[in-house]
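In case you want the letters, here they are:
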Amino acid sequence: MNSTLLSLTIAILFGIGTFLILRRDIVRVIIGLGIMSHAVNLLIVSTGVFEGKVPIITDDGGHGAAEATGTVFTDTLSQGVLAPVLEAGHHVDFVDPLVQALVLTAIVISLATTAFILILAYRIYEEYGTTDIRELRRLWG
Amino acid sequence: MIALENHLPIILIATPILMASLMVLLRKQPGIQKVLSVSVSFILAILSVLLLLQVWSGGIQAYEVGEWGKYGIILVADLLSSGMVVLTSFVSFLALIYSLDYIEERSLSASYYPLFSLLVAGLNGSFLTGDIFNLFVFFEILLLSSCALVVANEKGGVTKSSDKMEATFKYLVLNMVSSIVMLIAVASLYATTGTLNMADISVKLSAMSAAGTLPWHVFAIALMFVVVFGNKAAIFPLHYWLPDVHPTAPSPISAMLSGVLIKVGAYGMLRVFFLIFIDTLYIFKPVIIYLALATIVVGAISAVAQTDVKRLLAYSSVSQIGYVFLGIGFGSVYGLTAALVYLVNHAIAKSMLFLTSGGIIHHAGTRDMRKMGGMVDSAPFMSLVFLAGAMSIAGLPPTGGFIAKFQLFDAGIGEGYYFAIAIALIFAIFTLFYMFRAMLLMFWGEKRDVAEHGEYSSHGTSPMIALPIVVLALMIFAFGIYAEPLIALAEATANQILDPQPYIDAVMTRVVR
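Quick note, the sequences are listed as chains A and B, same order.
The numbering used here numbers the first residue of the first sequence as 1 and each following residue consecutively.
The numbering used here numbers the first residue of the second sequence as 1 and each following residue consecutively.
Just so you know, the hints here were simulated from the structure itself, not pulled from any lab data.
As the structure is a computational prediction, the values presented were derived from the model and not from experiment.
Warning: the hint list may mix true and false statements.
What the hints assert, rightly or not - Derived, one-sided and incomplete: chain B residues facing chain A with beta-carbon distance under 10 Å:
id, residue
1, G31
2, V35
3, V38
4, I141
5, E166
6, I180
7, D279
Ideal Cβ placement from N, Cα and C applies to all residues, glycine included.
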């Protein structure tokens with residue numbers, strides 16, 4: 001039930017973002033891009049929400065593919081060489097920590113691109129005196 | 001020095017990033033910046049050749065960043081990625097030499113060197129990484145740095161800055177949307193397989209496919225990757241940003257964008273489809289071939305009507321990338337060999353043509369080809385090298401472009417794609433037509449006075465501008481006359497792409513330190 005609500009939220013955010021990107025005002029396009037990138041961030045987080053399954057621990061869940069093939073890295077996890085995220089066979093309700101790292105990276109990147117595009121929009125406003133995309137037609141694709 | 005050889009993949013990425021931060025600190029000393037960035041770029045070119053030789057003799061290298069075992073990020077250097085890195089380092093070194101005299105002093109010392117280093121880092125990183133999320137990260141690095149480089153000013157104000165901003169806005173919005181699509185695809189792949197390592201994803205998807213439990217949404221993910229890499233490479237329905245961005249950028253940056261940056265899309269397509277989706281590719285083979293044909297047709301027809309010399313070259317890039325994707329779509333060893341040979345030859349010829357177009361524009365004082373004329377007398381060097389580039393793009397015999405086109409058509413006929421080859425052949429004649437129409441307009445006919453137009457100030461041709469053009473022109477003829485080493489390398493690379501097992505083995509069977 002929880003994930004249905006989450007999926008619905010993501011879908012609505014994508015819809016709003018797409019609608020705003022197709023507007024004629026530059027500022028609305030940028031807001032639309034921001035909303036869409038947040039929808040994607042939510043989507044990434046939602047891929048890490050399982051019921052007691054942690055994908056990077058191969059012997060407790062994953063999605064079954066690792067067990068099917070038996071192909072894993074030949075590491076020495078049992079000897080405690082690596083930082084173990086969870087001990088083998090230890091069952092807890094857990095959210096995948098990797099997706100949070102991915103989302104942090106994606107947020108930082110979208111911050112940088114949004115900052116750049118906002119400055120670009122300001123300069124376009126200075127040069128053209130308008131933020132209407134229809135008036136930005138000196139180049140023809 | 002012993003350590004250096006074992007750490008080449010990370011050095012090729014870390015050095016440009018380090019240089020970028022160093023160059024920001026050194027912005028008050030333009031002399032030091034100049035010497036340091038050119039010499040580091042030269043060293044990177046040598047190191048990339050060294051990496052290619054290592055991979056050629058010693059097989060695929062997998063380099064762990066940090067000691068995180070299977071949780072860590074991995075860099076993989078196989079023949080494809082190290083070959084692309086050699087191409088990047090070479091073109092970027094020549095473009096950097098060119099830009100020393102071409103870019104305006106103020107923008108050169110303030111922001112040009114750091115952004116150029118970041119662009120090189122992004123390119124090298126996206127070629128070398130073995131982790132699909134890192135591919136996204138490096139794509140963003142090269143997207144942002146190339147956007148900022150497009151708005152850099154050249155000497156004399158060739159392009160109005162309002163045009164640059166409009167073009168960059170289109171480029172950035174379209175590429176941000178494609179980045180969002182790529183993130184969706186990566187997140188879905190992660191949710192399906194529980195890993196981000198490309199080799200690991202490949203193994204798990206093959207296992208699911210063999211067990212008959214491949215989820216249907218994997219095909220949707222594959223289609224999303226077609227959209228993403230198609231946008232990067234500017235194939236047909238997604239190419240509308242390219243003819244604005246590439247002409248408005250300063251000439252050395254146009255050379256980097258058309259020479260190397262759109263090849264990132266072709267590289268990604270090769271990597272993702274022949275490694276990850278090896279079992280799902282067969283559905284998209286006709287899609288790629290039809291898109292490639294549409295790209296060839298649209299690019300060639302649009303190029304014929306252009307009057308702006310750099311815009312003509314940009315539309316020509318759209319058309320030429322279609323040929324590369326045609327070779328990828330064939331999917332056989334010979335087709336991939338032809339695609340790779342085509343890719344290298346187009347990178348060299350188109351970089352040279354864009355660098356030459358900078359010189360032509362500065363000589364003529366206008367971008368409009370109709371206002372030029374008689375440059376064969378007033379600028380014999382420019383007309384000679386433009387002829388060499390045009391011959392290579394059009395595919396005339398003593399140049400590398402002929403070898404590439406011949407191989408591609410031969411591969412297509414051998415595979416039985418007669419219809420596709422017929423269309424490609426017709427539009428290869430279009431290429432000949434628009435290239436020699438440009439020659440006719442610019443170099444022959446009545447001689448025009450150079451100072452007549454005065455749309456901006458001219459600064460003539462300096463040795464720094466001539467040298468990279470000469471080197472690239474010699475390369476064009478070298479690849480045309482003695483093409484065997486390039487073809488042998490491309491064939492070995494194609495074999496390696498089509499048989500991903502060594503790649504998977506190199507990545508997967510590592511013992512954690």
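Tested hints:
no. : hint : result
1   : G31  : violated, 30 Å
2   : V35  : violated, 30 Å
3   : V38  : violated, 27 Å
4   : I141 : holds, 9 Å
5   : E166 : holds, 5 Å
6   : I180 : holds, 5 Å
7   : D279 : violated, 14 Å
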